[in-house]
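There are 2 protein chains.
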Amino acid sequence: MAHRYDCIIVGAGLSGLIAARNLQRAGKNVLVFEAQDYVGGRMLGKHIAPNQYIDLGGQWVGPTQDRFLALLDEYNIPRFPSPLQGKVVLIYNDKRQEFNGFFQGFAEGDRPNVPEEEWQDAMKAWKTFDELSQSLSPQYPEANEENKKLDSQTFAQWIQENTQTDFGRWYFAYMCRAVGFLGPAEPDEVSLLHVLWGNKSASQAEHPEAELIHDGAGQIPSKIVTELNNEIHLNEAVVKITQDDHGVEVTTLKGIYQANFVIVAMPPYLAGKITYHPPLPPIKQQLAQRFPMGTLAKLLISYETPFWRSQGLAGVGMGNTEWIELFADSSDPRSGKGVLATFVMGDRYHRWIKLTKSEQKSVVLSDLAKYLGQQALSPTTFDIQDWPSNQWVGGGYAAFMPPGVWTRFGQSINKPFNRIYWAGTEIAERWAGFFDGAIRTAEAAAEAVLKSAE
Amino acid sequence: MAHRYDCIIVGAGLSGLIAARNLQRAGKNVLVFEAQDYVGGRMLGKHIAPNQYIDLGGQWVGPTQDRFLALLDEYNIPRFPSPLQGKVVLIYNDKRQEFNGFFQGFAEGDRPNVPEEEWQDAMKAWKTFDELSQSLSPQYPEANEENKKLDSQTFAQWIQENTQTDFGRWYFAYMCRAVGFLGPAEPDEVSLLHVLWGNKSASQAEHPEAELIHDGAGQIPSKIVTELNNEIHLNEAVVKITQDDHGVEVTTLKGIYQANFVIVAMPPYLAGKITYHPPLPPIKQQLAQRFPMGTLAKLLISYETPFWRSQGLAGVGMGNTEWIELFADSSDPRSGKGVLATFVMGDRYHRWIKLTKSEQKSVVLSDLAKYLGQQALSPTTFDIQDWPSNQWVGGGYAAFMPPGVWTRFGQSINKPFNRIYWAGTEIAERWAGFFDGAIRTAEAAAEAVLKSAE
Ligand SMILES: Cc1cc2nc3c(=O)[nH]c(=O)nc-3n(C[C@H](O)[C@H](O)[C@H](O)COP(=O)(O)OP(=O)(O)OC[C@H]3O[C@@H](n4cnc5c(N)ncnc54)[C@H](O)[C@@H]3O)c2cc1C
Ligand SMILES: Cc1cc2nc3c(=O)[nH]c(=O)nc-3n(C[C@H](O)[C@H](O)[C@H](O)COP(=O)(O)OP(=O)(O)OC[C@H]3O[C@@H](n4cnc5c(N)ncnc54)[C@H](O)[C@@H]3O)c2cc1C
Chain A
1 MAHRYDCIIV
11 GAGLSGLIAA
21 RNLQRAGKNV
31 LVFEAQDYVG
41 GRMLGKHIAP
51 NQYIDLGGQW
61 VGPTQDRFLA
71 LLDEYNIPRF
81 PSPLQGKVVL
91 IYNDKRQEFN
101 GFFQGFAEGD
111 RPNVPEEEWQ
121 DAMKAWKTFD
131 ELSQSLSPQY
141 PEANEENKKL
151 DSQTFAQWIQ
161 ENTQTDFGRW
171 YFAYMCRAVG
181 FLGPAEPDEV
191 SLLHVLWGNK
201 SASQAEHPEA
211 ELIHDGAGQI
221 PSKIVTELNN
231 EIHLNEAVVK
241 ITQDDHGVEV
251 TTLKGIYQAN
261 FVIVAMPPYL
271 AGKITYHPPL
281 PPIKQQLAQR
291 FPMGTLAKLL
301 ISYETPFWRS
311 QGLAGVGMGN
321 TEWIELFADS
331 SDPRSGKGVL
341 ATFVMGDRYH
351 RWIKLTKSEQ
361 KSVVLSDLAK
371 YLGQQALSPT
381 TFDIQDWPSN
391 QWVGGGYAAF
401 MPPGVWTRFG
411 QSINKPFNRI
421 YWAGTEIAER
431 WAGFFDGAIR
441 TAEAAAEAVL
451 KSAE
Chain B
1 MAHRYDCIIV
11 GAGLSGLIAA
21 RNLQRAGKNV
31 LVFEAQDYVG
41 GRMLGKHIAP
51 NQYIDLGGQW
61 VGPTQDRFLA
71 LLDEYNIPRF
81 PSPLQGKVVL
91 IYNDKRQEFN
101 GFFQGFAEGD
111 RPNVPEEEWQ
121 DAMKAWKTFD
131 ELSQSLSPQY
141 PEANEENKKL
151 DSQTFAQWIQ
161 ENTQTDFGRW
171 YFAYMCRAVG
181 FLGPAEPDEV
191 SLLHVLWGNK
201 SASQAEHPEA
211 ELIHDGAGQI
221 PSKIVTELNN
231 EIHLNEAVVK
241 ITQDDHGVEV
251 TTLKGIYQAN
261 FVIVAMPPYL
271 AGKITYHPPL
281 PPIKQQLAQR
291 FPMGTLAKLL
301 ISYETPFWRS
311 QGLAGVGMGN
321 TEWIELFADS
331 SDPRSGKGVL
341 ATFVMGDRYH
351 RWIKLTKSEQ
361 KSVVLSDLAK
371 YLGQQALSPT
381 TFDIQDWPSN
391 QWVGGGYAAF
401 MPPGVWTRFG
411 QSINKPFNRI
421 YWAGTEIAER
431 WAGFFDGAIR
441 TAEAAAEAVL
451 KSAE
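As you go down the protein sequences, you meet chains A and B in turn. Counting in full-length UniProt numbering, the first sequence runs from 1 upward without gaps. Counting in full-length UniProt numbering, the second sequence runs from 1 upward without gaps.
By construction, these hints were calculated from the structure, which means they are not laboratory data. On a predicted model such as this, the values are computed, not experimentally measured, just so you know. Positions of the beta carbon are idealized from the N, C-alpha and C atoms, including for glycine. A few of these clues could be false.
Said to hold, decoys possible - Among the chain B residues that face chain A by a calculated CB cut under 10 angstroms, a handful are: (1) 143; (2) 152; (3) 215; (4) 353; (5) 392.
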């Protein structure tokens, strides 16, 4: 007779790994399937030079991300404050300026030099937005009348109605593209309710990008794996999950495996690619069709030194230039090198992906040079991680909901289906879209399996 | 060495069957894979009594659906006019009335007795809508500035801005739920551009529901199949398609098959469930995440006789009652029985799917009785086809695009990917969402394969 596992975990991203580890620690025997040839999913490091690591997926951590902080502490992984010495650069409508502040939604420090009226427009609208957001419950949005009204609008509609100036509109659109739980989405793609709720339960005001990890977040998956006794099958995508009253059967192109329970740990769209017998409830099936991944590539660009510092610059910039709306100093002091992390997001991605590889590189560098000067043109390494091209992730940072989805399909987001439990950052109630959210869902799924197994 | 097919067709819905048949007629050897245990997909008949057939999927055909009409003629399948003798019933805000007209978007015949001001509101807005729609190109919407503006709005926004009365708003929302290329969607789920373009290229003004088919559309798939020399594998879902310069390899849980070309004939969301090596281009991958299937169940209710006729009623009704917004006489004169086809759509589906099976039946019948009287409570058969529960179709009638999708991702809708070609009603440029559109895409895909094979 075939071996029967206590639990099979599908997906070896952070959430799948944590679920597997926690179950194993509780004495259960587990098996993990991963479609790709590496563990970690969107937690993905790269060793680019002796002593130098970059993160092609997530990298930052913030002070209220308790679960992720606990994980780092547990494995004794040290952090350092995200470098922000010096001035930030803003290029707005081709005008470049340096200022002692920052904003990604919430404004901090000095204000940039944009016309008073435009800045006040943005700030006033932000206050309105944040108050509306704070009035929501931090739990998954319910399908009550108020939420239905918010959900029936796009964020673009709200921006149109609540800002009067170009800068005000860009301010919110930029936030919509730059924040983790938001895809990125362009404002006309995403539900107002989704943005408001995300801002409540995964808020930029809590500084989720406050710290970075020495040697990168990408070191974490392999640390978790060493605990798992090699019970991980790489390059083995699950294609079918069959269950009845007695157990679950998991099918891949290499074999059929038995278990008492299954945890599917990935974005709902990916979970929807698997065939289920019996089929998933219709609302859950249709949620998988309506929860798309963001349109974003991450770029890591490294230099001999963080050259911007000698110019009094923080290596952080934002603006409405042609390709790069945001970049941030991600230099690990241990390496002594300079590293910028940047993104090509939303509509910019659509234009950029049509370019040749060498054009993709040169347009990004020439944009960066506008912010940081000519030295930006001569990096030592240049890495592109094109998440929408990865069919086992489907995009990045994370998934977002178009209008009308939360209040119609949201109820099914984390509901177990008999012996099948769900995990993954997309279904988190707190810090959705972030590492921390991925861990929370994994802990909850593992606990639920333990409880069901009693 | 394994047999090598000229072309493998994935999906045995109408589009897959036509593509296979056309290729075979051109002398090619083909193999068709179908995930389910029957051929036809959304073209699905049921034999409910001697001489009596119903269509659980599509059933109607209209005078400008050339390709579908040609198919019916070719197989000598006779049609009859959709029964519409007698008065239509409208129940609006609990007030029941009979009138000699009909509307599903376009209004025809007499107008119903709703307050003049409300009716004029709807008619005026319809004129505005139709003019805007006619100003579009009938081709796939391009990503030009005008279309981007239309695409960045939901249909709900347009309705809000262009109607002043409750009836006016309901009129458009009802159309949004009742028309084939529209999912159904609720107005706040769908892009204005999608609705406008659909109204242009698959217009209700062309009467797509003018005729019905004796013994049902469901008889067609098996007629096509007899031509195919049994080269169809049922219950064999394709899970992976690998291609290189020399050919294509198609993987199922039962085997691996070789071919020169592949046609994937299904809605883009379903096509996205398959793994591709090399992976699909990113824009095509993300389109599959953003093109959801409508939320709809079809119900077929049959009676000893079309009892409504003796009351001077057409067996056609619409209104904003709790469950049933639209039903239509679908009685085949050959059987002598009475048959009503109806739908539970959009938000009504969400409420309805939470009921027990027997409640689902009783609420629908009691709604029907409001339109047609107590006799409606005693059907001889009652069939529910719950398309969102079917994981190989995912919903019905068809797929629709949320805001922002057409002008960002639409360009990839039918672009071949090396040796892989696409078919299915969702990607049709004319009559998308209808049988006719499915045939058009299949003919085009088969032709493209023949051309590439030269
Ligand atoms: C560019 C980028 C930057 C980010 N920045 C940050 C940041 O700074 N801070 C932060 O907290 N978060 C950040 N995030 C988000 C963070 O990376 C994610 O929240 C987290 O990694 C998600 O983990 P997960 O386990 O939920 O999903 P995933 O990492 O997506 O894991 C899912 C896994 O399932 C596998 N899989 C899919 N289908 C199958 C199948 N059928 N069978 C088997 N396996 C399958 C996939 O290959 C994948 O490995 C960022 C993400 C991206 C893309
Ligand atoms: C309730 C309802 C009413 C409708 N009314 C009308 C009408 O009156 N008139 C009209 O013209 N149209 C109508 N339509 C639409 C019409 O039915 C469709 O346009 C048409 O049938 C679609 O055909 P298709 O081949 O494009 O897709 P489908 O019929 O969906 O065929 C796709 C096939 O692919 C199979 N498949 C999916 N994944 C895989 C896989 N991985 N491997 C192998 N096979 C796979 C599916 O099982 C399915 O059989 C209606 C549809 C519904 C649901």
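Hints, verified against the model:
1. 143: holds, 9 angstroms
2. 152: holds, 4 angstroms
3. 215: Violated - the Cβ of residue 215/B stays beyond 10 angstroms from chain A, reaching only about 30 angstroms at its closest.
4. 353: holds, 6 angstroms
5. 392: holds, 9 angstroms
Of the numbered hints given earlier, the model fails hint 3 alone.
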